[in-house]
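Construct the complete structure from the given sequences, taking the supplied hints into account.
What follows is each chain in one-letter form.
There are 2 protein chains.
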Amino acid sequence: MRSGTRIQIEIPDWLESEARGCERLETREQRMAFAIRLAQLNIDRETGGPFGAAVFERDEGGLVAAGVNLVLHSGYSFAHAEVVALSLAQRAAGTFDLAAAGPPYELVSSAEPCAMCAGASCWSGIAHLVCGARREDVEAIGFDEGPRSPDWVAQLTARGVPVTRDISREQAAAVLQSYRARGGSIYNARP
Amino acid sequence: MRSGTRIQIEIPDWLESEARGCERLETREQRMAFAIRLAQLNIDRETGGPFGAAVFERDEGGLVAAGVNLVLHSGYSFAHAEVVALSLAQRAAGTFDLAAAGPPYELVSSAEPCAMCAGASCWSGIAHLVCGARREDVEAIGFDEGPRSPDWVAQLTARGVPVTRDISREQAAAVLQSYRARGGSIYNARP
Chain A
11 MRSGTRIQIE IPDWLESEAR GCERLETREQ RMAFAIRLAQ LNIDRETGGP
61 FGAAVFERDE GGLVAAGVNL VLHSGYSFAH AEVVALSLAQ RAAGTFDLAA
111 AGPPYELVSS AEPCAMCAGA SCWSGIAHLV CGARREDVEA IGFDEGPRSP
161 DWVAQLTARG VPVTRDISRE QAAAVLQSYR ARGGSIYNAR P
Chain B
11 MRSGTRIQIE IPDWLESEAR GCERLETREQ RMAFAIRLAQ LNIDRETGGP
61 FGAAVFERDE GGLVAAGVNL VLHSGYSFAH AEVVALSLAQ RAAGTFDLAA
111 AGPPYELVSS AEPCAMCAGA SCWSGIAHLV CGARREDVEA IGFDEGPRSP
161 DWVAQLTARG VPVTRDISRE QAAAVLQSYR ARGGSIYNAR P
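Protein sequence lines correspond, in order, to chains A and B.
Under the working numbering, the first residue of the first sequence carries the number 11, and numbering increases by one thereafter.
Under the working numbering, the first residue of the second sequence carries the number 11, and numbering increases by one thereafter.
Quick caveat, the hints were computed from the structure, so don't treat them as lab data.
Keep in mind the model is a prediction, meaning the values are calculated, not measured.
Even glycine gets a Cβ: it sits at the ideal position worked out from N, Cα and C.
Hints are supplied without guarantee of correctness; some may be wrong.
[Said to hold, decoys possible] Chain B stretches covered by chain A per the calculated footprint, using a threshold of three residues with CB under 8 Å from any CB of chain A:
1. 18-25
2. 84-95
3. 102-112
4. 128-134
5. 151-165
[To be verified] Under 10 Å between C-beta atoms, here's a sample of chain B residues computed to sit facing chain A:
6. Thr15
7. Val81
8. Leu98
9. Cys124
10. Ala125
11. Ala168
12. Arg169
13. Tyr197
Shown next as structure tokens:
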């Protein structure tokens with residue numbers, strides 16, 4: 011057996027600073043603008059792919075955790091922005107189940123979740139999922155959403171996670187295009 | 011922003027010991043017996059749910075990494091056995107893409123993957139997925155496979171991850187039943 015005894019991801023310093031400067035955002039558009047800014051900064055700082063996400067208190071707007079795609083940075087393929095944000099929120103809450111942790115939480119992601127992240131959203135205890143870019147926008151630059159169920163929105167809703175889409179979709183899609191224009195790596199793609 | 015700056019999972023000592031004692035398993039049935047034993051030990055040691063998984067060299071049978079469900083132990087809802095095993099394999103390989111790391115790898119799991127883990131399998135770089143218990147066996151004790159696509163086997167196969175099911179299914183299902191008989195926690199379930 012060759013593997014180690016720990017799974018560990020260090021969050022980049024810039025992300026921590028960015029999150030520290032943001033305490034409360036009232037509207038969905040403000041929260042999405044924050045997630046989109048994280049996606050753009052992740053490109054600019056060269057720490058990963060063009061995806062950002064954050065967990066907020068759904069009603070009060072307090073920021074609980076911020077995440078970006080850290081697949082290249084961390085060496086773990088599960089380190090999508092959504093999983094990073096959810097995991098940091100769970101660490102802060104001290105439980106794997108955010109529904110048991112306090113007020114209802116929502117995950118705001120600069121793009122629709124892939125198959126893995128749609129599943130992860132169901133297990134996290136969030137009460138709402140908000141998405142910016144659509145699947146078509148993500149696939150247009152070469153990424154793959156994976157084996158996601160065609161009725162994923164209904165399936166998440168049935169599990170207590172209603173989904174709101176197309177919040178600031180154009181701005182979110184523009185960040186994806188800027189990643190392609192820069193020649194960013196399209197990881198996780200098989201020939 | 012209240013979250014920390016690190017995502018970290020410590021692997022239980024018993025799992026490391028168990029894995030150290032297993033270097034090479036020739037057949038799929040032997041590899042599945044190992045994954046099922048991990049699931050049973052995870053119940054006995056009270057470190058999590060009744061699921062075990064391991065990454066092997068597909069052709070030579072060398073054990074690369076072993077995982078169990080650590081949701082309760084770690085406080086992270088993503089810490090399913092499959093993600094733990096894949097992540098430890100990626101850490102050992104030094105890359106998020108196991109397909110770039112050496113010989114073809116396969117993931118052997120004591121149960122079919124949930125929606126999240128089916129997606130995670132696609133992003134990991136494995137070349138084959140082997141499952142023991144079926145969805146029906148998992149759901150029979152109250153767990154949920156989540157928003158998994160009905161054609162997930164075809165979708166994984168199309169992405170370079172063919173799936174072999176029903177290896178030692180009865181033994182795998184018996185471990186699930188023993189967990190229920192013991193009154194084990196059914197986490198990640200919403201009312």
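_Run through the hints listed earlier and report the numbers of any the structure violates, in increasing order._
none
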